[in-house]
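Visitor: Chains A, B and C, in that order, give the protein sequences.
Going by our numbering, the first residue of the first sequence is number 339, and it counts up by one from there.
Going by our numbering, the first residue of the second sequence is number 339, and it counts up by one from there.
Going by our numbering, the first residue of the third sequence is number 339, and it counts up by one from there.
Honestly, the hints are just simulated from the structure, not real lab data.
A quick note: this is a predicted structure, and the numbers were derived from the prediction, not measured.
Be aware that a few hints might be false.
Heads up, the list lumps identical chains together, so a pair's fine if it works in one copy or across two of them.
As the list claims (entries may be wrong) - Each computed BS3-like pair below joins lysine-lysine, with the alpha-carbon atoms no more than 25 Å apart:
#: 1; residue 1: K470; residue 2: K696
#: 2; residue 1: K715; residue 2: K696
#: 3; residue 1: K696; residue 2: K708
#: 4; residue 1: K606; residue 2: K708
#: 5; residue 1: K606; residue 2: K470
#: 6; residue 1: K443; residue 2: K505
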Amino acid sequence: MSQAIRFRPQVELAEKVGVDLKKVRHPHYGRYLEEFVPGQVFVHPRGFTFLRAQMEAFSRTYMQCNPLYLNDQYARASGFSGLLASPQMVFNVVLSLGVQNDSEKAMANLGYYDAQFLRPVQAMDTIRSLTKVIDRKERGAGKPGIVTIRTLGINQNDQVVLQYERKIMVAGQGDRPPTTPLPTSADGLMPSFPWVDDADVILPDFPERLPAGLTGPNSWFEDFAVGEVIVHANGRTITDEHLPLTYAVGNTHPLHFDRVFSSGLSGKMSGDPIVYGGLVFAWLEGLASRDVSENSIWELGFTEGYHTQPSIAGDTVAALSRVLAAEEAPGALARQFGVVSLQLIGVKNISAANALAKYGEDLFIKENDKKEMGKEKIEEKIFEIERRLLIRKRS
Amino acid sequence: MSQAIRFRPQVELAEKVGVDLKKVRHPHYGRYLEEFVPGQVFVHPRGFTFLRAQMEAFSRTYMQCNPLYLNDQYARASGFSGLLASPQMVFNVVLSLGVQNDSEKAMANLGYYDAQFLRPVQAMDTIRSLTKVIDRKERGAGKPGIVTIRTLGINQNDQVVLQYERKIMVAGQGDRPPTTPLPTSADGLMPSFPWVDDADVILPDFPERLPAGLTGPNSWFEDFAVGEVIVHANGRTITDEHLPLTYAVGNTHPLHFDRVFSSGLSGKMSGDPIVYGGLVFAWLEGLASRDVSENSIWELGFTEGYHTQPSIAGDTVAALSRVLAAEEAPGALARQFGVVSLQLIGVKNISAANALAKYGEDLFIKENDKKEMGKEKIEEKIFEIERRLLIRKRS
Amino acid sequence: MSQAIRFRPQVELAEKVGVDLKKVRHPHYGRYLEEFVPGQVFVHPRGFTFLRAQMEAFSRTYMQCNPLYLNDQYARASGFSGLLASPQMVFNVVLSLGVQNDSEKAMANLGYYDAQFLRPVQAMDTIRSLTKVIDRKERGAGKPGIVTIRTLGINQNDQVVLQYERKIMVAGQGDRPPTTPLPTSADGLMPSFPWVDDADVILPDFPERLPAGLTGPNSWFEDFAVGEVIVHANGRTITDEHLPLTYAVGNTHPLHFDRVFSSGLSGKMSGDPIVYGGLVFAWLEGLASRDVSENSIWELGFTEGYHTQPSIAGDTVAALSRVLAAEEAPGALARQFGVVSLQLIGVKNISAANALAKYGEDLFIKENDKKEMGKEKIEEKIFEIERRLLIRKRS
Numbered sequence: 339m340s341q342a343i344r345f346r347p348q349v350e351l352a353e354k355v356g357v358d359l360k361k362v363r364h365p366h367y368g369r370y371l372e373e374f375v376p377g378q379v380f381v382h383p384r385g386f387t388f389l390r391a392q393m394e395a396f397s398r399t400y401m402q403c404n405p406l407y408l409n410d411q412y413a414r415a416s417g418f419s420g421l422l423a424s425p426q427m428v429f430n431v432v433l434s435l436g437v438q439n440d441s442e443k444a445m446a447n448l449g450y451y452d453a454q455f456l457r458p459v460q461a462m463d464t465i466r467s468l469t470k471v472i473d474r475k476e477r478g479a480g481k482p483g484i485v486t487i488r489t490l491g492i493n494q495n496d497q498v499v500l501q502y503e504r505k506i507m508v509a510g511q512g513d514r515p516p517t518t519p520l521p522t523s524a525d526g527l528m529p530s531f532p533w534v535d536d537a538d539v540i541l542p543d544f545p546e547r548l549p550a551g552l553t554g555p556n557s558w559f560e561d562f563a564v565g566e567v568i569v570h571a572n573g574r575t576i577t578d579e580h581l582p583l584t585y586a587v588g589n590t591h592p593l594h595f596d597r598v599f600s601s602g603l604s605g606k607m608s609g610d611p612i613v614y615g616g617l618v619f620a621w622l623e624g625l626a627s628r629d630v631s632e633n634s635i636w637e638l639g640f641t642e643g644y645h646t647q648p649s650i651a652g653d654t655v656a657a658l659s660r661v662l663a664a665e666e667a668p669g670a671l672a673r674q675f676g677v678v679s680l681q682l683i684g685v686k687n688i689s690a691a692n693a694l695a696k697y698g699e700d701l702f703i704k705e706n707d708k709k710e711m712g713k714e715k716i717e718e719k720i721f722e723i724e725r726r727l728l729i730r731k732r733s
Numbered sequence: 339m340s341q342a343i344r345f346r347p348q349v350e351l352a353e354k355v356g357v358d359l360k361k362v363r364h365p366h367y368g369r370y371l372e373e374f375v376p377g378q379v380f381v382h383p384r385g386f387t388f389l390r391a392q393m394e395a396f397s398r399t400y401m402q403c404n405p406l407y408l409n410d411q412y413a414r415a416s417g418f419s420g421l422l423a424s425p426q427m428v429f430n431v432v433l434s435l436g437v438q439n440d441s442e443k444a445m446a447n448l449g450y451y452d453a454q455f456l457r458p459v460q461a462m463d464t465i466r467s468l469t470k471v472i473d474r475k476e477r478g479a480g481k482p483g484i485v486t487i488r489t490l491g492i493n494q495n496d497q498v499v500l501q502y503e504r505k506i507m508v509a510g511q512g513d514r515p516p517t518t519p520l521p522t523s524a525d526g527l528m529p530s531f532p533w534v535d536d537a538d539v540i541l542p543d544f545p546e547r548l549p550a551g552l553t554g555p556n557s558w559f560e561d562f563a564v565g566e567v568i569v570h571a572n573g574r575t576i577t578d579e580h581l582p583l584t585y586a587v588g589n590t591h592p593l594h595f596d597r598v599f600s601s602g603l604s605g606k607m608s609g610d611p612i613v614y615g616g617l618v619f620a621w622l623e624g625l626a627s628r629d630v631s632e633n634s635i636w637e638l639g640f641t642e643g644y645h646t647q648p649s650i651a652g653d654t655v656a657a658l659s660r661v662l663a664a665e666e667a668p669g670a671l672a673r674q675f676g677v678v679s680l681q682l683i684g685v686k687n688i689s690a691a692n693a694l695a696k697y698g699e700d701l702f703i704k705e706n707d708k709k710e711m712g713k714e715k716i717e718e719k720i721f722e723i724e725r726r727l728l729i730r731k732r733s
Numbered sequence: 339m340s341q342a343i344r345f346r347p348q349v350e351l352a353e354k355v356g357v358d359l360k361k362v363r364h365p366h367y368g369r370y371l372e373e374f375v376p377g378q379v380f381v382h383p384r385g386f387t388f389l390r391a392q393m394e395a396f397s398r399t400y401m402q403c404n405p406l407y408l409n410d411q412y413a414r415a416s417g418f419s420g421l422l423a424s425p426q427m428v429f430n431v432v433l434s435l436g437v438q439n440d441s442e443k444a445m446a447n448l449g450y451y452d453a454q455f456l457r458p459v460q461a462m463d464t465i466r467s468l469t470k471v472i473d474r475k476e477r478g479a480g481k482p483g484i485v486t487i488r489t490l491g492i493n494q495n496d497q498v499v500l501q502y503e504r505k506i507m508v509a510g511q512g513d514r515p516p517t518t519p520l521p522t523s524a525d526g527l528m529p530s531f532p533w534v535d536d537a538d539v540i541l542p543d544f545p546e547r548l549p550a551g552l553t554g555p556n557s558w559f560e561d562f563a564v565g566e567v568i569v570h571a572n573g574r575t576i577t578d579e580h581l582p583l584t585y586a587v588g589n590t591h592p593l594h595f596d597r598v599f600s601s602g603l604s605g606k607m608s609g610d611p612i613v614y615g616g617l618v619f620a621w622l623e624g625l626a627s628r629d630v631s632e633n634s635i636w637e638l639g640f641t642e643g644y645h646t647q648p649s650i651a652g653d654t655v656a657a658l659s660r661v662l663a664a665e666e667a668p669g670a671l672a673r674q675f676g677v678v679s680l681q682l683i684g685v686k687n688i689s690a691a692n693a694l695a696k697y698g699e700d701l702f703i704k705e706n707d708k709k710e711m712g713k714e715k716i717e718e719k720i721f722e723i724e725r726r727l728l729i730r731k732r733s
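Between the sequences and the hints, there should be enough to build the whole structure, so can you do that?
Guide: Following this line, the structure appears as structure tokens:
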């Protein structure tokens with residue numbers, strides 16, 4: 339099972355080997371606009387083994403309150419085989435693994451669409467990520483274009499755990515050298531890409547009696563009334579922690595951890611490293627969790643997600659939720675659960691209560707729709723998304 | 339064991355659902371003075387599964403030197419079934435889980451009393467926390483009152499692992515809306531609260547030969563002489579790390595991680611987020627550990643613990659210990675162990691040696707006793723407590 | 339297996355025990371120049387149990403891209419019994435455990451030599467560290483001397499996993515009290531020190547088919563041409579995270595986490611805590627990993643490693659690699675692997691590409707050789723080392 343090998347002793351070599359400045363390689367990852375080819379599939383590098391302590395650390399960092407992600411006993415009593423990776427972590431990891439191919443040269447993340455969590459991720463699951471290029475829209479010479487991609491997270495049993503669509507803004511190559519090409523696949527064929535338009539969600543058979551006593555009093559299915567606004571009391575100041583947290587989920591974009599790079603940019607992104615948007619989403623979801631998802635049994639997915647302003651270390655983020663729908667769950671699930679749709683809004687450097695007092699219903703209008711409505715964008719607003727959860731009934 | 343469920347595709351809803359600013363909920367946690375009812379028992383939310391890597395991460399963050407918490411082999415050779423959660427972590431977690439009910443509206447933590455660690459906590463133990471309100475002292479209209487509570491940490495086998503008493507200063511409700519009420523218990527009865535006044539400590543049967551060679555030369559039972567002062571050489575600068583560390587142990591008080599909240603306060607607590615006191619205690623204990631507890635086999639408990647000044651990111655904390663007693667352990671334990679009582683003192687932004695040179699024996703007088711004695715409080719002093727440990731004998 | 343013990347209730351003692359300022363102990367660790375005795379062996383305290391989540395956290399913090407350290411499945415498919423601790427982590431831990439005896443009083447780390455990784459470290463391995471004093475060079479009264487030491491990392495089966503040599507600069511004791519003496523060994527004999535000059539490396543029997551598809555396209559053995567320079571695109575801004583990261587690997591030197599100590603020094607090291615050099619090395623290696631070691635199967639070792647400038651929080655580090663040799667692996671290994679020698683250079687607060695443009699081949703000359711060559715030292719250059727890796731062949 340093991341072998342003993344004798345290598346030659348290492349001797350100093352540097353001064354004996356001449357430096358040849360004509361032989362310099364500059365490997366660059368990501369892709370310029372022209373390099374995206376619709377139909378192309380990227381198998382992203384490395385993969386990611388989910389470990390129990392790391393799953394819990396993620397949930398704690400982002401202030402998650404649902405015990406499914408914090409309490410192994412509770413997760414088991416809920417029908418899962420142990421502590422669950424939070425869907426937020428799954429989303430963050432699957433997106434981040436793809437950055438090296440999808441967006442390490444992107445200028446902006448434009449939106450998340452139709453994200454669906456299809457299966458639990460648990461300790462020792464190893465997830466890999468694949469992306470298919472759906473569309474490339476050029477907008478004229480010298481202008482960045484828009485690329486639409488779909489991404490899958492796939493576990494070690496080749497089962498899809500997450501799928502979502504994303505639009506990114508990407509500049510053309512200009513006079514820059516091309517990026518490092520993809521590795522070629524072993525068989526020379528394009529890898530398969532098992533996206534399913536009308537996908538089943540694989541859930542455990544939930545026990546008759548779900549665990550009691552460890553969750554809040556006001557976040558059961560019956561507590562959600564359509565139209566209602568829920569103001570989440572606490573905010574979270576983001577610190578420099580976000581630099582290491584970026585690669586903790588596998589994201590390789592230097593905008594988030596390389597100040598020499600970020601301060602060399604021009605425009606809105608210039609200066610301190612920008613917080614990777616997935617982390618901002620995670621904090622907002624966590625801040626909301628005590629009031630809306632402590633009794634959630636499954637995060638179904640989200641869509642129409644937009645980061646409307648960047649955040650940097652020192653910013654304090656806060657969240658509000660609005661109830662968009664509250665419906666019976668399909669089939670037998672309806673005995674124990676309902677489906678709640680929520681709009682999640684993020685603000686920064688203002689408390690959620692003050693943001694609501696200051697901006698009222700305008701907080702809940704998509705920022706991109708405002709110009710047409712003759713309304714101003716809200717500077718303190720950083721995020722908007724719609725999400726759907728399967729939530730326990732009280733009875 | 340699992341089921342496949344088809345949910346309706348998620349469609350955008352936000353613009354179709356009107357915002358009703360008359361239906362706004364502001365869930366608030368913690369409790370105002372009037373909301374505490376002596377005799378009431380709170381079952382705190384979420385619980386906390388202790389994971390091995392997280393236990394070790396805690397010990398490393400707070401600079402713990404006792405190998406029981408860092409070296410699985412050493413812990414096994416000492417009679418435990420594997421790496422031990424440090425009592426500091428157990429204390430931090432049990433207190434923090436209770437913040438949502440006990441002190442998320444508290445103005446100050448006044449003191450810790452009679453903390454007793456009754457059983458080991460090891461990897462995969464899930465701990466829940468319960469609090470009983472013992473006393474509520476009002477001090478007149480407009481003045482904050484003092485609430486006395488007792489808290490238990492209980493494992494998945496319903497065994498108490500920790501119990502302690504705490505006093506907190508809480509403001510009245512005034513014209514603020516009430517906080518979110520407790521969830522009602524399933525049976526409508528007050529939960530039981532198994533505090534034991536004269537509790538046994540459950541310890542392993544220690545092996546005849548305890549492990550040798552990995553601990554310091556000067557912290558065996560025989561090294562402690564009553565009256566002696568031990569100056570711990572190294573300090574620790576606290577960074578912004580304390581914001582995420584707060585919820586890493588489950589603490590939900592925004593004073594510790596929400597700068598919009600903390601800078602909106604008036605008085606001494608206004609400004610940057612205050613370091614949660616449990617973390618300060620943990621650092622001080624860790625800084626002392628190399629000199630006093632590397633050969634400790636059990637932390638019995640502590641009492642008369644006071645945070646006499648707050649700390650913020652950027653502060654450097656340092657510690658001194660004073661030997662208060664060194665006694666034989668009870669019964670057969672006396673062959674291998676003695677009981678050492680220590681006073682632990684914390685200072686900030688001065689080295690421990692300089693603090694001793696500057697203030698001498700006044701460092702060891704409780705700050706609250708000084709007024710009566712005609713003495714000034716010490717501005718650099720941040721903490722004082724008495725602790726008791728079971729420490730190995732050299733032979 | 340367990341025992342129930344009743345201890346006397348803890349009562350307050352502090353005010354009853356007088357403070358005796360004549361009985362003050364100041365335990366100090368590390369060693370002054372005169373305290374090093376060639377031939378002496380130190381068994382370092384505590385040891386370190388490697389945990390899976392902690393191994394992965396290390397790799398992520400330092401931006402490691404080789405899936406051996408991130409993907410349990412990939413590591414198994416490569417012939418290992420599970421996720422591998424990165425050699426960087428093993429090096430950081432073994433060195434750090436020794437700081438308390440070797441260098442907690444050191445003024446500077448002068449160089450690393452002849453480091454050899456002899457065996458995999460995997461989850462639940464417990465590593466202890468031993469040091470032997472090889473040489474002590476005094477350079478006259480009042481001048482710091484140079485101590486040469488060798489250090490071993492040894493696992494729970496008494497197998498050496500790492501050995502290396504190190505030179506440190508240490509001041510004499512002067513009029514300071516001596517440091518805390520070593521614990522005496524149980525048998526009174528000097529502990530054995532199994533350094534092997536011409537050591538075998540113990541590797542698994544690698545499978546015929548190694549895993550495909552998760553590593554980069556340009557870092558296979560065939561991609562390395564002698565003389566070539568590889569510029570690693572991304573840098574990493576180091577934050578205050580480095581304070582806790584220091585003791586996360588076991589390092590107890592206050593220069594790295596105690597601002598009262600670091601700002602009290604005079605000279606170049608005065609001010610903010612200096613980043614522990616092992617961490618800087620780890621970041622540089624991680625930044626290079628995507629381009630040079632993603633297809634490495636084993637890190638053989640390194641030598642002639644020098645930290646040529648210190649780093650502090652806020653510095654952004656970046657890396658370049660130069661190919662010094664590319665040779666067939668010995669014996670049967672040659673079918674699948676080659677041995678690549680690389681020079682790794684670190685710079686700060688300048689991008690790697692700009693550093694190369696600015697300094698050209700001078701970047702690759704050892705800083706200590708420059709005076710003799712009539713060249714200036716490079717202020718932005720922080721590190722230089724030669725490393726050797728076993729790298730997969732493409733075919």
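Visitor: Hint by hint, say whether it matches the structure.
Guide: The hints, checked one at a time:
Taking CA atoms no more than 25 Å apart as the test, K470 paired with K696 passes in neither setting, with 42 Å inside one copy and 40 Å between copies. Within a single copy, K715 and K696 get their C-alpha atoms as close as 13 Å, which meets the 25 Å cut-off; across copies the closest is 44 Å, which misses it. Proximity of K696 to K708 under the C-alpha cut-off of 25 Å is restricted to the intra-copy arrangement: shortest distance 17 Å within a copy versus 48 Å between copies. For the homomeric pair K606 and K708, the shortest alpha-carbon distance inside one copy (20 Å) is at most 25 Å, but the shortest distance between copies (42 Å) is not.
In this assembly of identical chains, K606 and K470 lie within 25 Å of each other by CA distance neither inside one copy nor across copies; the values are 29 Å within and 52 Å between. Within a single copy, K443 and K505 get their C-alpha atoms as close as 13 Å, which meets the 25 Å cut-off; across copies the closest is 43 Å, which misses it.
Hint violations for this structure: numbers 1 and 5, all remaining hints satisfied.
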